[in-house]
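Let's have the full structure, built from the sequences with the hints guiding it.
2 protein chains.
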Amino acid sequence: MKSSDRELIVEKKRWRFAEPPDKLRLRCGESLGPIDVAYETYGELSDGGDNAVLICHALTGDAHVAGKHSHDDHKPGWWDIMVGPGKAIDTDRYFVICSNFIGGCKGSTGPSSINPDTGKPYALDFPMVTVKDMVRVQRALVKECLGIDRLLCVIGGSFGGMQVLQWTIDYPEMVYAAMPIATACRLSALAIAFDEVGRQAIYSDPNWKGGDYYGGKPPHRGLAVARMIGHITYLSAESMHEKFGRGLQDRATVGYDFGPADFQVESYLRHQGDTFVQRFDANTYLYITKAMDYFDLVSDYGTLINAFEGVRSRYLVLSFTGDWLFPTHQSREIVRALQANAVDASFCEVESGYGHDVFLIKNPALEDIIINFLKNCQDGIRGAG
Amino acid sequence: MKSSDRELIVEKKRWRFAEPPDKLRLRCGESLGPIDVAYETYGELSDGGDNAVLICHALTGDAHVAGKHSHDDHKPGWWDIMVGPGKAIDTDRYFVICSNFIGGCKGSTGPSSINPDTGKPYALDFPMVTVKDMVRVQRALVKECLGIDRLLCVIGGSFGGMQVLQWTIDYPEMVYAAMPIATACRLSALAIAFDEVGRQAIYSDPNWKGGDYYGGKPPHRGLAVARMIGHITYLSAESMHEKFGRGLQDRATVGYDFGPADFQVESYLRHQGDTFVQRFDANTYLYITKAMDYFDLVSDYGTLINAFEGVRSRYLVLSFTGDWLFPTHQSREIVRALQANAVDASFCEVESGYGHDVFLIKNPALEDIIINFLKNCQDGIRGAG
Chain W
1371 MKSSDRELIV EKKRWRFAEP PDKLRLRCGE SLGPIDVAYE TYGELSDGGD NAVLICHALT
1431 GDAHVAGKHS HDDHKPGWWD IMVGPGKAID TDRYFVICSN FIGGCKGSTG PSSINPDTGK
1491 PYALDFPMVT VKDMVRVQRA LVKECLGIDR LLCVIGGSFG GMQVLQWTID YPEMVYAAMP
1551 IATACRLSAL AIAFDEVGRQ AIYSDPNWKG GDYYGGKPPH RGLAVARMIG HITYLSAESM
1611 HEKFGRGLQD RATVGYDFGP ADFQVESYLR HQGDTFVQRF DANTYLYITK AMDYFDLVSD
1671 YGTLINAFEG VRSRYLVLSF TGDWLFPTHQ SREIVRALQA NAVDASFCEV ESGYGHDVFL
1731 IKNPALEDII INFLKNCQDG IRGAG
Chain Z
1371 MKSSDRELIV EKKRWRFAEP PDKLRLRCGE SLGPIDVAYE TYGELSDGGD NAVLICHALT
1431 GDAHVAGKHS HDDHKPGWWD IMVGPGKAID TDRYFVICSN FIGGCKGSTG PSSINPDTGK
1491 PYALDFPMVT VKDMVRVQRA LVKECLGIDR LLCVIGGSFG GMQVLQWTID YPEMVYAAMP
1551 IATACRLSAL AIAFDEVGRQ AIYSDPNWKG GDYYGGKPPH RGLAVARMIG HITYLSAESM
1611 HEKFGRGLQD RATVGYDFGP ADFQVESYLR HQGDTFVQRF DANTYLYITK AMDYFDLVSD
1671 YGTLINAFEG VRSRYLVLSF TGDWLFPTHQ SREIVRALQA NAVDASFCEV ESGYGHDVFL
1731 IKNPALEDII INFLKNCQDG IRGAG
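Chain order of the listed sequences is W and Z.
Quick note on the numbering used here: the first sequence kicks off at 1371 and runs consecutively.
Quick note on the numbering used here: the second sequence kicks off at 1371 and runs consecutively.
Derived by calculation from the structure, the hints in this document are not laboratory data.
Note that identical chains are pooled: a pair holds if it fits in a single copy or bridges any two copies.
Only pairs whose alpha carbons sit at most 25 Å apart, straight line, appear in this in silico SDA-like list of lysine to any residue:
(1) Lys1613 with Asp1666
(2) Lys1613 with Trp1694
(3) Lys1587 with Pro1576
(4) Lys1502 with Ala1622
(5) Lys1490 with Gly1403
(6) Lys1382 with Gln1648
(7) Lys1393 with Phe1628
(8) Lys1579 with Arg1640
(9) Lys1587 with Tyr1573
(10) Lys1579 with Gln1642
(11) Lys1732 with Asp1443
(12) Lys1502 with Pro1542
(13) Lys1490 with Phe1628
(14) Lys1587 with Asn1577
(15) Lys1613 with Thr1698
(16) Lys1502 with Asp1392
(17) Lys1513 with Pro1404
(18) Lys1579 with Asp1644
(19) Lys1579 with Thr1645
(20) Lys1445 with Arg1376
(21) Lys1613 with Thr1673
(22) Lys1613 with Thr1603
(23) Lys1502 with Tyr1626
(24) Lys1579 with Val1647
As structure tokens, this is what we get:
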């Protein structure tokens, strides 16, 4: 039995901190506490504590990165193709950690959590959280809860990649290596535009009620539209053409009506919207897209070169040819600023027509790159030990 | 006084045809009548009747292509930069015609028109109209109402370009020359996807009420979201970057809230949505995006080469480098199929980072191309007698 065939059963864990009066002071000026952090770990921490890999999830992910919670679970974690025994991020070799970011809706404190001051869900009373705040909470989890002083590698794609960059800037001594994937030091105007339209779709849903929908009907229609918009941006024109083209959905000719989907691509998007609303909270969608829009290493530090002035990690920056939401030139911009600081930064643009989401899809070239980088990092950290 | 400085005052006109029992049989199998066609004309028809230029408008356009309806009008027609005395489509030289397509909401019969059978607006009882139907109505206007046997040129961008292509296929003897701009012989899966999400935004608005909102509150929120989505696709990442970047909207720092727009691009999109709903009908948006999705010369004729088998026009096909909604390869596909039929077809990809909508923006290179093509056509039609 190959190790990659072994079923990985993982446990949902939760850690509480920032208990009042020791609330966490957030970047927006408000304070938050207590804070629950939902997280999962995979594999074993080495005696030297030098094999920990932190994975930062993207907009709609969660702490459940791989494996199943029980043998009956019908679906594994969101990056199960990459993380597990014998896989590229090998849990026989690395101690993998993933936590749901604050503001989330998957176990960590967020707008759907109970506000201890009122006994009701926070809704829009939840303070605005930024990438910096999220990373600060992850650092507390890693250091205070798990007792790890230095991470072998911090890995994340898309919004997860923004967290990776912030980690290396804010806690340079804690990050031996960093792998920001398909990300940017700040969103483009185009990406902000899509985020804003998604938010407008949610605001427009009368069930949203200014965010106070908990206990009632959630704004599923608006959230579904937001998800459909997002989903289009995660694919590429080429992959949509290959996957759907103009294929009709279970019909020989178009329907000349506004009923069932005419085209497969319509049916696919409707399905994406419908399933997403079953697992995601609309207010979290609002908060996290705002955190994404606000992330801006250039305005925070004056220049991107300044932002990376104190970093001490080695980097592997990855982008994908078919990604138009976080196009390659944004990754190159990061690499140039790192290299201007004489930082050890490699860059690879992976060939893929698929689009932004491609890191979630089986890709042997990507796996090889990750395997080699992690192995080199482990050799390095032990040599440097 | 240069002729281009003269103010062009135009009159709204309307023509009625297809009076019952002579209703127009539509492609979907249903019949429609009577049909009102809102149109405008500019300039004078030559004695030989050989200087008529028909302009086909895009998704949200109308018959009012240029000039003003009165001196007090605050805004000229939608292509006033291109059409008028002394302009590229020179109304001192050409007799310009533009009509609102059927299914529209700008004077021609559409879903917001009164259904004579019920005395109430059609709403979703309006039959599905296709590009072929729209062109058939335009042909009736040109031939029966205006008495013109042959058009010097049919011009249109985007959805208007689809009408241009259909014109040359269905009425080859009536079209001396054709100028399809930034268009395609069928939408890509990506473009259908955006159309569908726009429709879903409208369906999701409770004021839509299955289309029966006339006399009540219109589904403005849903239509605004649809417009915002559309608007993003009309721009390019590059032009959004240049126009807005990450500039903040009337504020020094981000707001950390969900109130006023943080970024200029958000404010711009909100404004686009808000103003659009004042001038456009949501049901028309649904019908016309469907007509756009359904347009498919390949499936209609087996192959694109077959589609152009009987055409007799000369073509100038134009695309724009920054257009990702109707990318250049779609225009090239048209040109290749025309050339395979030994048709006189020129192609020009105009350099512009602006995006799909660029033909609506002042562009001297584009003007020169249009001026020369029309002049050559006029020389040709007169030479050909």
